[in-house]
Amino acid sequence: MAFVRNLWYVAAWSHDVPAGKPVGVEVLGEPLVLYRRGDGGLTAFDDRCPHRLAPLSLGRVEGDDLRCMYHGLRFAPDGRCVELPGSAKPPARLAVRTFPVVERWSWIWVWPGDPAKADPARVPRAFGLEDPDWVYRSGALDYAADYELLNDNLCDLSHLDFVHEKSLGWASGSKWSNDSPRISAEDDGLRIERWFRDHPIMGSQPQRVDTWSSYRYVLPGLFLLTTQAFPVGTAEASGLGPPDGKPIFHRIDQQSVTPIGVGRSRYLWALGFPRAIATPAFLEGAYQVTRKSFDEDKRIIEAQQRIWERLPPERKPSAIPQDQAPAMFRRLVSQRLADETS
Amino acid sequence: MAFVRNLWYVAAWSHDVPAGKPVGVEVLGEPLVLYRRGDGGLTAFDDRCPHRLAPLSLGRVEGDDLRCMYHGLRFAPDGRCVELPGSAKPPARLAVRTFPVVERWSWIWVWPGDPAKADPARVPRAFGLEDPDWVYRSGALDYAADYELLNDNLCDLSHLDFVHEKSLGWASGSKWSNDSPRISAEDDGLRIERWFRDHPIMGSQPQRVDTWSSYRYVLPGLFLLTTQAFPVGTAEASGLGPPDGKPIFHRIDQQSVTPIGVGRSRYLWALGFPRAIATPAFLEGAYQVTRKSFDEDKRIIEAQQRIWERLPPERKPSAIPQDQAPAMFRRLVSQRLADETS
Amino acid sequence: MAFVRNLWYVAAWSHDVPAGKPVGVEVLGEPLVLYRRGDGGLTAFDDRCPHRLAPLSLGRVEGDDLRCMYHGLRFAPDGRCVELPGSAKPPARLAVRTFPVVERWSWIWVWPGDPAKADPARVPRAFGLEDPDWVYRSGALDYAADYELLNDNLCDLSHLDFVHEKSLGWASGSKWSNDSPRISAEDDGLRIERWFRDHPIMGSQPQRVDTWSSYRYVLPGLFLLTTQAFPVGTAEASGLGPPDGKPIFHRIDQQSVTPIGVGRSRYLWALGFPRAIATPAFLEGAYQVTRKSFDEDKRIIEAQQRIWERLPPERKPSAIPQDQAPAMFRRLVSQRLADETS
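Protein chains in written order, with numbering that gives the first Met the number 0: chain A, 0 to 341; chain B, 0 to 341; chain C, 0 to 341.
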């Protein structure tokens, strides 16, 4: 399995890397170590000391530097060894590989490709968990499955009616699997939009609404969903296009899928609501149903992965109409891969 | 490792597949799903949805059909998709592979070979657990070992004196390892018969009997044993052949060995006694000593498997006289394998 | 990974093999079984019955012999089958492979190479745990790491300042990583000697001493360390060579690294003190800090191994001055390997 390298990948939530502690992560099959310098800024290294390959994630942050705690080599943020126990001066060649790293939208992004192409301006726009007018919950799941199966899952929400029949699908109050959203190709992903008209605002509640559900699915694997409920009639009044006005209900979901190896992925997710509409109990309830849903996805996707790995190559999966968006995103990934390897 | 395909294989106990619940099993390395239709009859499918390979064993039984709970495709017992969410009519090509399946002798049998050859009349005769005049206990063990090592074990009961020295061997009151049973080739297996003469009916009990022990070991790997005790002298009176008359004691053992993959097997076992001679306490005692014995087999056979896998190919095992029956059964399997691949 | 075969390898502590009980061990990827004959002497066999490869370590010691508890074959110490259930006389070819085995220095040594070359006089001299004037504690750790990484670790103690910063390194009261010991090549290994001058006898204790630290690291992977503290000034008075006189403090460490397979090693360790200076509480404290230290080694070395296994071959580790002794020992192993395979 090949990976597109020249992209910003989400390696961790910002809060996963505290001050003073190196943290090991994996991206595209490579172990990296992240740590915060004295000013809180991030450095990313190969997670192996160039000397004898001990992991630097077992090392110690010292000021702006990271010390390997096997034989004591100390590395500056540019990767060079600046202290070598038993030697007056470390040789210049003694250095660890560094990776471009950016912190944005509450995520830590690393660039596993050509460093010369690592433009921070190309970090995709997301929501972040910092807006004081909003409240959030977040989580993380490690998957024993290829990132493509997670992308497929997130590009086609028809599965909410089945996988999440008693959790997120039910709670949404909507019927997903017979619906045909508007799917638009964008330069770096897809936009998938739809109105659910005149449906219960949530589960079996009596209040009825029109809901605008709009998400982008962006390279390398970001899911950025806005859900807004309006009085019944708003969909029609908006010409079935994007609504204006202030919603009755508003939720955002920010998720990332990062290949951490062949057959292994890391899934980070968060949900948020305007502070004004979300009591602590409401937030907790939404968090629990969402977490349960993502355990449901993990169960079926990992089972799918195990079958996928054992499948005789001549038995191809069969396409159905609901595959349109997953297929578009797969083609986008394939195209980028072809561009990089040509 | 190759497997004979054109045979009925035991996939599960009948009671392992309740109404309304799909159950995943494995046979010859292939994951299958079993479920009961509305009338209780069984259907067997490949355990993967043809769409995106999600396991149908995580699906839902709906009347006679099985619905994949990833994207909601619904399959009829003939394997065809009869409902495709988001589409008016599923394409005819959208179908899951079906397998011939038969329920008999309290077992569910599937046929992994050419369906045209799947004659239910060829299901081997066993005992079943249904006779109201008898009482039974059953169990199941998954082995990390090739089916051949289990076949070897069951074709040569001399191991009872050693592996089961303090369990089934002792309880049997008989000496197995110096005995030479009569071994007869049959079309689909072996028949192994012997008299134990003038021995304690059980363990160290004072009552002495002649015991007729007779079993068939039948393709693909069925162990079907009858044990009957008679007054001392019956063996001689029967000319050392099969006894007539009504035994003092009677026990049946019904077991199956199914290859579920390379280096993995599933072992189903049951024991039964005439209701008239087996109190609940007696049945429980016999069950416990039998279960303990099969844990002993599993321990040594799995250890043997691990050595087998690591053995340099030039170091062959050495044959001894007690290998006669295992060797005959191995040849029978090899012959069938050669027939199928020629 | 190749192994030098014509060497005595430490397979177990003497106390690991009690009378009357066969014990399975592994050496160079081969499972062996050790047992004590009636006179307490040791026999070593391949841990597989020649009949059907069941492990003899699940067998039973009977007098001087070992019986396989699968089908009851009994083997004499010369490896020949002397009892075959169901046969009057076992065929002469029915035998298990034997290995030269010696018990010395509280260790059980086996010789996996050419038996004709197995000279017990070539067992390296160690300390043993038997001297009544001394007290000891011992332990064992299984490593998921190649023996070479353990050899590296033990040939360069500069890591004490980092890996064991808060355990053995601190307790030693010495600074290891800026020190340059005297390293001498010996025929079968290395000798590494140094004085630590005018330092705290232990941790932060006020008493100051000169300490003589001298160890041999011997093929295949034995670490034999003597640590002796003297009044300050002794180092200089000894011309920085080995001290005479009676030390204030004395400790020995006896350790072995045995490859049990590719990527797997067994590490046996013991520490000892003169009975006169070691109260039970002192011994217990030294044991605890030592055990903690070896858990620290295991953590970093196994992490190193995992990186090593994933490293693209073109990314070689970088040598530093402190690698002198590990590199010498690696060359010695390579030379022996080349000698054996030429």
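It is possible that part of the hints are untrue.
Given that identical chains are not distinguished, each listed pair holds provided it fits within a single copy or across any two copies.
Think about it this way: if two alpha-carbon atoms lie no more than 35 Å apart in a straight line, the pair counts; the simulated DSBU-like pairs of lysine-lysine are [stated by the list, open to error]:
id: 1; residue 1: K116; residue 2: K245
id: 2; residue 1: K174; residue 2: K116
id: 3; residue 1: K315; residue 2: K245
id: 4; residue 1: K297; residue 2: K20
id: 5; residue 1: K88; residue 2: K291
id: 6; residue 1: K245; residue 2: K291
id: 7; residue 1: K245; residue 2: K20
id: 8; residue 1: K116; residue 2: K291
Read the hints as simulated data drawn from the structure, not as lab findings.
Against the structure, the hints:
Neither within a single protomer nor between protomers do K116 and K245 lie at most 35 Å apart by alpha-carbon distance, with minima of 40 Å and 68 Å respectively. Taking the shortest Cα distances, K174 and K116 never come within 35 Å of each other, neither inside one copy (43 Å) nor across copies (45 Å). Taking identical chains as interchangeable, the C-alpha atoms of K315 and K245 are never at most 35 Å apart, the minima being 47 Å within one chain and 60 Å between chains. Proximity of K297 and K20 under a CA criterion of 35 Å is satisfied in both settings, with 30 Å inside one chain copy and 21 Å between copies.
Taking the shortest alpha-carbon separations for K88 and K291, only the inter-copy value of 33 Å comes in at or below 35 Å, while the best intra-copy value is 55 Å. In this assembly of identical chains, K245 and K291 lie within 35 Å of each other by CA distance solely inside one copy; the values are 30 Å within and 61 Å between copies. Proximity of K245 to K20 under the C-alpha cut-off of 35 Å is found in neither arrangement, the shortest distances being 43 Å within a copy and 46 Å between copies. Proximity of K116 to K291 under the C-alpha cut-off of 35 Å is found in neither arrangement, the shortest distances being 39 Å within a copy and 46 Å between copies.
Hint violations for this structure: numbers 1, 2, 3, 7, 8, all remaining hints satisfied.
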